[in-house]
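As they're listed, the protein sequences go chains A and B. Numbered per the numbering used here, the first sequence spans residues 3 to 195. Numbered per the numbering used here, the second sequence spans residues 3 to 439.
Simulated from the structure, these hints should not be mistaken for laboratory data. Predicted model only: the values in this text are computed from it and were never measured. Just so it is clear, CB atoms sit at the ideal spot from N, CA and C, and this is done for glycine as well. Among the hints, a few may not be true.
Stated by the list, open to error - Some but not every residue of chain A turned toward chain B, in silico, with C-beta under 10 Å: (1) Phe33; (2) Ser47; (3) Ala59; (4) Val61; (5) Gly112; (6) Leu131; (7) Val134; (8) Pro153; (9) Phe181.
Claimed, not checked - Okay, the calculated bits of chain B under chain A, using three or more residues with CB under 8 Å as the criterion: (10) 259–272; (11) 285–297.
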Amino acid sequence: MATQASAEGTDRAAGTEVRRRDFLNVAAVSFAGIGVVAVTIPLISQMNPPADVLALAEVEVDISKIQTGQAIKTVWRKQPVFIRNLTPQEIQAANAVPLGELRDPETLAGRTKPGKANWLITLGVCTHLGCVPLGVGEGENRGPFGGYFCPCHGSAYDTAARIRTGPAPTNLVVPEYEFVSDTLVRIGAGGTA
Amino acid sequence: MSFAWAKPYEPKSAFGRWIDARLPLPRLVYGAVGGGYPVPRNLNYWWNFGVLAGVFLTIQIVTGIVLAMWYYSSVDGAFNSVEHIMRDVNAGWALRYIHMNGASFFFIVTYIHIFRGIYYGSYKAPRELVWMLGLVIYLLMMATAFMGYVLPWGQMSYWGAQVITGFFSAFPLVGEPLRIWLLGGYAPDQATLTRFFSLHYLLPFVIAGVVILHIWALHIPGSSNPTGVDIKEERDTLPFHPFYTAKDGWFGAAVLLVFALFTYFAPNFLGHPDNYIPANPLATPAEIVPEWYFWPFYAILRAFTVDFILPAKLWGVLAMFASILLLFFLPWLDNSAVRSGSYRPLFKRFFWILVVNLILLGWAGGRAATPVVIAVSQLATAYYFAHFLIILPLISKFERPLPLPDSISTSALHGERSETAPAGITRPSATTATPAE
């Protein structure tokens, strides 16, 4: 005991530089800390979407049966997708709106494919809290702007599915998609949006 | 525990002494909820609700473990397994209805417990950590209840999960990846249901753990009391057992009677009928409404309709979280040295206005979002924050509290001396009858 005490005494007297024991301590604790962090990585990342869910990230939809003025609801990544064949009047109405009036300014042309301005393809997920807006089915409430209307908190979208009134912050999301042919659309197709 | 006159544990049998020397668990129980824990003698019925919250936690854990023996956490099987429990499993209907209404009653008694703490200033020094641990329990309860409501995979389950996880997407940049991480997909699905079941089973035990910390922290200064005056001497207190075990026992039985009335005669009164429709990811119910105990917070969420620097949606989510986080600062927002609202004339009035305001918020949160409902939500939300951030600090500055009693005993035993004194009929005595007590 006495020798140990005196040894410590001399250590302290030696000054404030790092002792070997301090270094070992810091190194060991740091290494263990890195280990703990490394172990939590799989525990956290396992909660992300698994491969089978990601594998459903692409669907092909036949749009040949959708008449002008009609719309359908399909599913992509377990989320509803609206595919709507706009009438000329609806396209006109969308183009007539000055961009400055919009909460989330985008043109109809910017939300559709070149030469396919009548095909409005968006997620059917209200950007407020994720409800499915009405307006796809025959006779459903399309809201004051003739596009879609969310019954949950009253967000109204226009014929380009842009937010006009209500609590939703942004327009209905346009997913990535491409026209495989004039009657076939591939939703989720990478990078061509 | 911390009082000099607390009775030490004395094992009565040789076996008791043998155990005590090796694992002093009976000593711990005796000191925590037995004859060894001195409690203020003047506690009123509002002090019964903490124990009652423990009773309902126990009911939820026991019925929940049993329900989990029959429940399938699969998107195809969950709804039917709940119906199977209701129709075919022996006593399944009773167990599920007890679990369903037990959640509501857990919140009812917890809300009363919280409001008791607010009225009597139980959050003040030296009980700040008791209060904050209580809030942690409350947050865990909310998470547990939300995930439990998702499990039957009915329409409200599904769309509740969609809306609540949608809160997180309000945060810029990290929001959407966070939402997808929470759901394990792009919309609520199998991954969501299974993880919610796992966590719904885990969290009640975490709650039980924090409850132990809550009680531990409480037992350092001991329970507060309706006068808010500190315990000064032995006659201010009574041992927890048998006095408060008896009172908690009878009052608990009375509340369980009301609980039974709901469970057996109006089991679905507190729920939403749409949750008896199986989940449909392609059709939103006409109105998504959370369970009643979330209504005030839902009203706060919906109160923000105008973008102001930040999007309205983000404001709503921030305000909703802030409305609870704010309560963690309550011990420092209220600076009055007087604990009990009974001696604070101004505070008392505003306390009741706050209660009415919260009922109003709850009303608004449970209704369809019409302009009137939104306007009420906005006013009530503004008042809620004003109460804690403006009114409360001002009250504690300008209020003149009423004179406090000298001690718990003089308050609780008021008139004791004159009442036990001779009535002065046969033998008048001027010295013993002192009404000043």
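Verification of the hints:
1. Because the smallest distance between the Cβ of A/Phe33 and any Cβ of chain B comes to about 28 Å, over 10 Å, the interface hint for this residue is violated.
2. The beta carbon of A/Ser47 is positioned within 10 Å of a beta carbon in chain B (closest approach about 9 Å), and the interface hint is therefore held.
3. Interface restraint check: A/Ala59 against chain B, minimum CB-CB distance 9 Å, threshold 10 Å, status holds.
4. Below 10 Å, beta-carbon pairs count as interface contacts, and A/Val61 has none with chain B, the closest being about 13 Å; its hint is therefore violated.
5. Taken as an interface hint, A/Gly112 does not check out: its beta carbon lies about 21 Å from the nearest beta carbon of chain B, beyond 10 Å.
6. With 10 Å as the threshold, the beta carbon of A/Leu131 comes within range of chain B, its nearest partner Cβ sitting at about 4 Å, so the hint holds.
7. Restraint check, A/Val134 versus chain B: the minimum CB separation of about 4 Å is within 10 Å; hint holds.
8. Annotation: A/Pro153 was flagged as interfacial toward chain B, and the flag holds, the nearest CB pair being 6 Å apart, inside 10 Å.
9. For A/Phe181, the interface hint is violated, since its Cβ never comes within 10 Å of a Cβ in chain B; the closest pair sits about 23 Å apart.
10. Interface restraint, the region 259–272 of chain B with chain A: violated (0 residues with C-beta to C-beta distance below 8 Å; minimum three).
11. Only residues whose C-beta sits within less than 8 Å of a C-beta in chain A count toward coverage, and the region 285–297 of chain B has 5 of them, enough to reach three; the restraint holds.
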